Amino acid sequence: MTFATLAEALTLVFQLQVLLAILGGAVYGLFIGALPGLTATMATALLVPLTFYMAPLPAIALIVSSTAMAITAGDIPGALLRIPGTPASAAYTEESYAMTRNGDAVRALSIGFFFSATGGLIGALVLLITGPALARLSLNFSSFEFFWLALLGLLTCALVSGANPVKGAVSLAIGLLIATVGLDVTSGQPRFTFGSIELSGGISFIPVMIGMFAFSEILRGLSNASTGDLPKASAESGKQRPYQGIWPLLKTYPFSLLRGTAIGSSLGALPGVGGDLAAWIAYGISARFSKTPEKFGKGHPEGLIEATSANNAGLSSAWIPALVFGIPGDAVTAIAVGVLYMKGVAPGPRLFVENPTMPTAIIMSFFVANLLLFPLGYVAIRCARMVLAVPRNVIVPMILVCCFLGSYAINNTLFGVGIMLVAGLIGYVMERNDFPIAPVILGLVLGPVLERNFIMSMQISRGNLMGFFDRPVACVLGIFVIGMIALTIFNSLRKLARSSDGGGGGDAQNAFKP
Amino acid sequence: MLKDVIKTGRRVFCATGLALVATAGAAMADWPEKAVTLIVPWSAGGGTDATARAVASELEEAFGQPFNVVNRTGGGGLVGHSAIANAKADGYTLGIITIESTMYAAQGLSGVTPDDFTYIGRFNADPIGINIAADAPYGDAKGLIGAMEEDPMSIAASGANRGGLSHLAWVGLLDKLGIPADQVNWVASDGSAPALQQLASGAIDVVSTSPAEAQSLVDAGEAKTVALISSERSSLYPDLPTTSEIFGTDWSPLPFRAVAGPKGIPDEVVSKVEAALKDITEDPEFISLMSSRGFSVAYQDAATFEQTVKSSAEGLTAAMKSAGLTQ
Numbered sequence: 001m002t003f004a005t006l007a008e009a010l011t012l013v014f015q016l017q018v019l020l021a022i023l024g025g026a027v028y029g030l031f032i033g034a035l036p037g038l039t040a041t042m043a044t045a046l047l048v049p050l051t052f053y054m055a056p057l058p059a060i061a062l063i064v065s066s067t068a069m070a071i072t073a074g075d076i077p078g079a080l081l082r083i084p085g086t087p088a089s090a091a092y093t094e095e096s097y098a099m100t101r102n103g104d105a106v107r108a109l110s111i112g113f114f115f116s117a118t119g120g121l122i123g124a125l126v127l128l129i130t131g132p133a134l135a136r137l138s139l140n141f142s143s144f145e146f147f148w149l150a151l152l153g154l155l156t157c158a159l160v161s162g163a164n165p166v167k168g169a170v171s172l173a174i175g176l177l178i179a180t181v182g183l184d185v186t187s188g189q190p191r192f193t194f195g196s197i198e199l200s201g202g203i204s205f206i207p208v209m210i211g212m213f214a215f216s217e218i219l220r221g222l223s224n225a226s227t228g229d230l231p232k233a234s235a236e237s238g239k240q241r242p243y244q245g246i247w248p249l250l251k252t253y254p255f256s257l258l259r260g261t262a263i264g265s266s267l268g269a270l271p272g273v274g275g276d277l278a279a280w281i282a283y284g285i286s287a288r289f290s291k292t293p294e295k296f297g298k299g300h301p302e303g304l305i306e307a308t309s310a311n312n313a314g315l316s317s318a319w320i321p322a323l324v325f326g327i328p329g330d331a332v333t334a335i336a337v338g339v340l341y342m343k344g345v346a347p348g349p350r351l352f353v354e355n356p357t358m359p360t361a362i363i364m365s366f367f368v369a370n371l372l373l374f375p376l377g378y379v380a381i382r383c384a385r386m387v388l389a390v391p392r393n394v395i396v397p398m399i400l401v402c403c404f405l406g407s408y409a410i411n412n413t414l415f416g417v418g419i420m421l422v423a424g425l426i427g428y429v430m431e432r433n434d435f436p437i438a439p440v441i442l443g444l445v446l447g448p449v450l451e452r453n454f455i456m457s458m459q460i461s462r463g464n465l466m467g468f469f470d471r472p473v474a475c476v477l478g479i480f481v482i483g484m485i486a487l488t489i490f491n492s493l494r495k496l497a498r499s500s501d502g503g504g505g506g507d508a509q510n511a512f513k514p
Numbered sequence: 001m002l003k004d005v006i007k008t009g010r011r012v013f014c015a016t017g018l019a020l021v022a023t024a025g026a027a028m029a030d031w032p033e034k035a036v037t038l039i040v041p042w043s044a045g046g047g048t049d050a051t052a053r054a055v056a057s058e059l060e061e062a063f064g065q066p067f068n069v070v071n072r073t074g075g076g077g078l079v080g081h082s083a084i085a086n087a088k089a090d091g092y093t094l095g096i097i098t099i100e101s102t103m104y105a106a107q108g109l110s111g112v113t114p115d116d117f118t119y120i121g122r123f124n125a126d127p128i129g130i131n132i133a134a135d136a137p138y139g140d141a142k143g144l145i146g147a148m149e150e151d152p153m154s155i156a157a158s159g160a161n162r163g164g165l166s167h168l169a170w171v172g173l174l175d176k177l178g179i180p181a182d183q184v185n186w187v188a189s190d191g192s193a194p195a196l197q198q199l200a201s202g203a204i205d206v207v208s209t210s211p212a213e214a215q216s217l218v219d220a221g222e223a224k225t226v227a228l229i230s231s232e233r234s235s236l237y238p239d240l241p242t243t244s245e246i247f248g249t250d251w252s253p254l255p256f257r258a259v260a261g262p263k264g265i266p267d268e269v270v271s272k273v274e275a276a277l278k279d280i281t282e283d284p285e286f287i288s289l290m291s292s293r294g295f296s297v298a299y300q301d302a303a304t305f306e307q308t309v310k311s312s313a314e315g316l317t318a319a320m321k322s323a324g325l326t327q
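Quick note, the sequences are listed as chains A and B, same order. If you count the first sequence from 1, position 357 lands on 357 in UniProt numbering, and the numbers rise without skipping. If you count the second sequence from 1, position 141 lands on 141 in UniProt numbering, and the numbers rise without skipping.
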């Protein structure tokens, strides 16, 4: 990319029409994202008719800024009401909600917005420099490599499940089991559908997520109504300004930000796997290498910083395989590719050669959209604080309405509402018995990825398990993952031996630390 | 701009309020006197969705009532197709159906058979192409089939789920060429995007999908389209030879997109929409919109289309039998 291209792209982006589109998309994305259960995909799909009447760049800029905003704003209901906005944000919902319960809601939201935006800015910068090269690299990944990455993602379960890894593993298995419901892609056979056509479509993670996190929380509130379990705005947080105290955090955890951004940028570029995986792996790695892993899950900023920055950095990377090779990595980029085609801008390598200003301008609009996150986030945090001031008997019915709307809107059927209610009951029973919820979502999101890539690989290697080590990258990933598992087993055995020697009670969580 | 925003707002409102609108029901005076729901069995943003939305906005213009696109996804399209077939036959719930609707019954999936629809008209049909890696040792379709004849298991192909149209088009062709279809290595994937990724990474050898989907990879010099599994050349890719030309087969499984409704909707609705659809497919704006995304416009009226559905259902059922996929 030459300087001239950059300058040309800048002049394209800094047209009133484009900037208005970015601003409009951001405000719209903020609203959709902040409503629990409404997703970035839905926000994008609803924008498509509008793009018919727009020029190519404003149309894409609109989609870019609304997704960036919707995904970031999805952290608001996660932090305040424990309703994660995206499967990625489910990785750190517990953490930010714990912060809110400690009376630090403003801090949780500030971290969310600030590090999302920073991660997004760095991610966009990385793309600007490495874009097409990164895309070529991502093309080398096949189902063999994706399988290992998905397995690595599942391993983070041990790190998100808090004090009891065994119960975490049970939760994960429940998630994996739910993921098997529906038509099996490999054989075309229905599994666990009990003759229901609705179930043959599988169980979508959105109603499960809303049910398990939000609805179960309401149930819990009802069952100990007198104490009032919902978080309140503490006197201190009432005075706290948005972004207050961010600078010391930035100085304390610079590596978390950089590592999160690196994980997000690189994993995000892998089509179909990256986006959801990045935040989970970032959170897991953060806990694994933290100096204070025991603080995770109790409202500690470190993992939050790493995961949110990974989340937004991955967002822009996901566009790279879509722009360079026309292979969309998720629903949002699939819609965007469609819009590009309709605007006569066919994605592909020719786009970068014949019309390099266009992809550069698209990445630049990521930049502007992420910059906008700072001021809009400020406003959003100030408004969000009011949510906590609303009396409990008003907020609970509102959450309930949001639960119903969000799970209904996913497929416009009452079936989703049913799933949400059942998931809520299961989630309530699980939490009562100290089974963590996040691993269920992890299993539900990664289950299909793991299974499909495993089956595809086995079909390709014709049943030979050594196929997973045939390709160089797969081999390295495989050894790394197996090494992680072996190390964990070894450490827990050693702990066990030591604790039986000393007669002391072994701390199960420490078994997972080196 | 403001008008558009209002329009989008209305769509959002309509989408959430649909259940109410759809069940309200009213005596048929002069169809349509209220909003019509258009069910799409595939996800928002995909090819079928994009064409459906284009058709919906043109129908809206033609009839002066909103045509609301509702995506009912899941189960390889089964959920949405059965929602169309089981809708109230008052003409206020129609849908966009695809060729998968002809295959569920033979797969042993209950819910939808080709007899459950009232066919209104087809607006698109695009052949499936055979795509291979650019550096594959066999340069063309003949070489590829030659390699398959030597060892059918050595070539891994993908493009969709097992029993999906890409799969059937591929095994159907091989079956016609005398290659034992039950020995073919089909790698089940969740659509063409992951399959193309596999092709580019060198893990598999063939992807059967529409040439439009593979276009970017072809441009990048990673893949090439060697033939269309069809008996007629595509107007969008006039240079691509067909398998009928190369091998003299008569195998032409054309995926279609068409408007249909539940069985028994009023004749008035069928004739009105059929006529409107014919006009739409002749509208240059619609044609250029379709071709910009790599979709050709191929209109068929209700009667002709019903015949197409019946014959492709027969051909595909036969292909499924040969691949050992029928129940």
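No lab work stands behind these hints: they were computed from the structure. Since we're looking at a predicted model, the values are computed, not measured. Among these hints, one or two may not hold up.
Stated by the list, open to error - Derived DEER-like restraints, expressed as beta-carbon distance ranges:
hint, chain 1, residue 1, chain 2, residue 2, range
1, B, Ser-154, A, Leu-16, 55 to 61 Å
2, A, Leu-496, B, Tyr-138, 36 to 42 Å
3, B, Leu-177, A, Val-353, 37 to 43 Å
4, B, Ser-235, A, Leu-400, 53 to 59 Å
5, A, Leu-16, B, Gly-143, 21 to 27 Å
6, B, Glu-33, A, Gly-195, 33 to 39 Å
7, B, Gly-264, A, Glu-8, 54 to 60 Å
Ideal placement from N, C-alpha and C gives every residue a C-beta, glycine not left out.
Checked hints:
no.	hint	verdict
1	B:Ser-154 - A:Leu-16: 55 to 61 Å	59 Å, holds
2	A:Leu-496 - B:Tyr-138: 36 to 42 Å	57 Å, violated
3	B:Leu-177 - A:Val-353: 37 to 43 Å	39 Å, holds
4	B:Ser-235 - A:Leu-400: 53 to 59 Å	54 Å, holds
5	A:Leu-16 - B:Gly-143: 21 to 27 Å	56 Å, violated
6	B:Glu-33 - A:Gly-195: 33 to 39 Å	37 Å, holds
7	B:Gly-264 - A:Glu-8: 54 to 60 Å	59 Å, holds
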